[in-house]
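Trainee: Protein chains in written order, with the working numbering: chain U, 1 to 209; chain X, 1 to 209; chain B, 1 to 209.
It is possible that some hints are incorrect.
Derived DSBU-like pairs (lysine-lysine); straight-line CA-CA distance at most 35 Å [said to hold, decoys possible]:
(1) K36(X) with K36(U)
(2) K36(B) with K36(U)
(3) K36(B) with K36(X)
No lab work stands behind these hints, which were simulated from the structure alone.
None of these values were measured; they are calculated from a predicted model.
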Amino acid sequence: MNPPELREAIGPALAFVDLLGIAVFAFSGALLAAEKRQTLVTFIFFAVVTGVGGGTVRDLLIGAPVFWIHRNSVIFICLAAALIAWAAPSGLWKGRALVWADAVGLAAYSAYGAAKGLAFGAAPLPAIGMGVLTACLGGIIRDVLAGEPSILMRAELYVTAAALSAALTVALIAAGLPMALAAGIAAAAGFALRGGAIRYGWRLPSYGR
Amino acid sequence: MNPPELREAIGPALAFVDLLGIAVFAFSGALLAAEKRQTLVTFIFFAVVTGVGGGTVRDLLIGAPVFWIHRNSVIFICLAAALIAWAAPSGLWKGRALVWADAVGLAAYSAYGAAKGLAFGAAPLPAIGMGVLTACLGGIIRDVLAGEPSILMRAELYVTAAALSAALTVALIAAGLPMALAAGIAAAAGFALRGGAIRYGWRLPSYGR
Amino acid sequence: MNPPELREAIGPALAFVDLLGIAVFAFSGALLAAEKRQTLVTFIFFAVVTGVGGGTVRDLLIGAPVFWIHRNSVIFICLAAALIAWAAPSGLWKGRALVWADAVGLAAYSAYGAAKGLAFGAAPLPAIGMGVLTACLGGIIRDVLAGEPSILMRAELYVTAAALSAALTVALIAAGLPMALAAGIAAAAGFALRGGAIRYGWRLPSYGR
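Please construct the entire structure, taking both the sequences and the accompanying hints into account.
Mentor: This is the structure we're talking about:
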């Protein structure tokens, strides 16, 4: 498919992924605010930045209109995530539920970002970069703002899983698969890798060690 | 009013707010450089980043031409703020004068940012976000660059005052008020809230406390 | 020359500077990842962010298409820099070679950034800012992400050398010199200043000391 066809295909096939990714990431931002004992306003700020940060930078880079400016729904989801995190009993999010939800968001969002990159004319390597950015940048900005060491500086397989999902999306679309199928297979592979990292503690080797 | 009419109305009515906000924020950036015993070049960098940071991100997000690229005046104001902060006796800025000037800038700039967001077609919730960004982001970037805890992480009513001013601007324009009147009322309310926070130490409750 | 002529002139004359700057900065990003004992994925992320960060923000600000989105070569150079830094014996980069390569990149890249700013219609002062950004921002983002004190907070003549190179480029083009000559003279001056700072420890005075 060429860019305009891809742009057509992206709407119905992957719109739900967008909202899922936003909700999960917004929620993870609000939970960091909770950990830091912040105010509701900071909950909202972190939810918005984490929820839309990666996709926003992607849209600026590929020259697309920023996806949340012309509708209320995206910011509304972020507000709702912040309010739920604020109001719910804090014990509720202990355990691994959020880590797994984040893994789903990571895998799906990186496939989506790579596909959207191609749809707006990015070359293959930059399109893979767009997928990684979409999935990872919101969390990185969140961590920098909170003064936390970012996911970037940990040896966990996180950015790597996003890169696998994004690269497979680009490769499978280049191989002629329909976008939704390509993105689905790629997201499943990225999720499997991230899931293995969560379950079995898979890590990348660090330099010089 | 619809977006093109808003865009028309924004010019004469609110242009001075732009310059006031830039000058105040640029100055606060230069003063942080002074506190950190930096060089003149760092004074200038901080003045520029703090003065134009929020409005720059707003313009990128709403798809407007970045407001300071095609004229010299904005960068000139930032340079002047840096030089004044560098040359003036440092005792001059002790006390509360700058905090109050910052409160004026915060209230006016968030009203202006929300109005400009609407004028470029942003939906109401994102337009409120544009107001908050315009008023707060420059200072946040300044604090992150300097390695300071950002205003975001303090319980003071700061972002909240910007949000009030931006939300009122959007609500009053939706209610049919002329833009300058809407922005004026909204900025006054935001300034009153921020002023109360400065004067009486009003704070938001923190999570779990 | 007017902006369209400048845009014409920039292609053949200065394209190699682009690639040199990207390679040097990408490599310096990867070396910081090595110092921090990071994984290969982090090497790549740092190489890309440092290599393209400054030019990316410049292109967004001046409204140019982001320079690395529509071709594979730029990201490919960053990947190669990351892999070389990962694979080569770490003793190889001890000493001053990289500092001098960075000085070449700094001087050339700030001249290039200022010229590209003018070519897209920036006024003179903002165009100088574009040159400084192009040369310095990638490294600043790299340092913030790694939790290092950024070059901004050191008294070394670094940003100053970029500012000299960018300002001379703008002044000489305004004086009627052909772009390649203007940029060449300006870059040589910026390199001389930065070189003096490396060789003789030239510093700027800090505030209040």
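Trainee: Does each hint fit the structure? Answer for all of them.
Mentor: Structure-based check of all given hints:
| no. | hint | result |
| --- | --- | --- |
| 1 | K36(X) with K36(U) | holds, 26 Å |
| 2 | K36(B) with K36(U) | holds, 26 Å |
| 3 | K36(B) with K36(X) | holds, 26 Å |
Violated hints are absent here; each numbered hint is respected by the structure.
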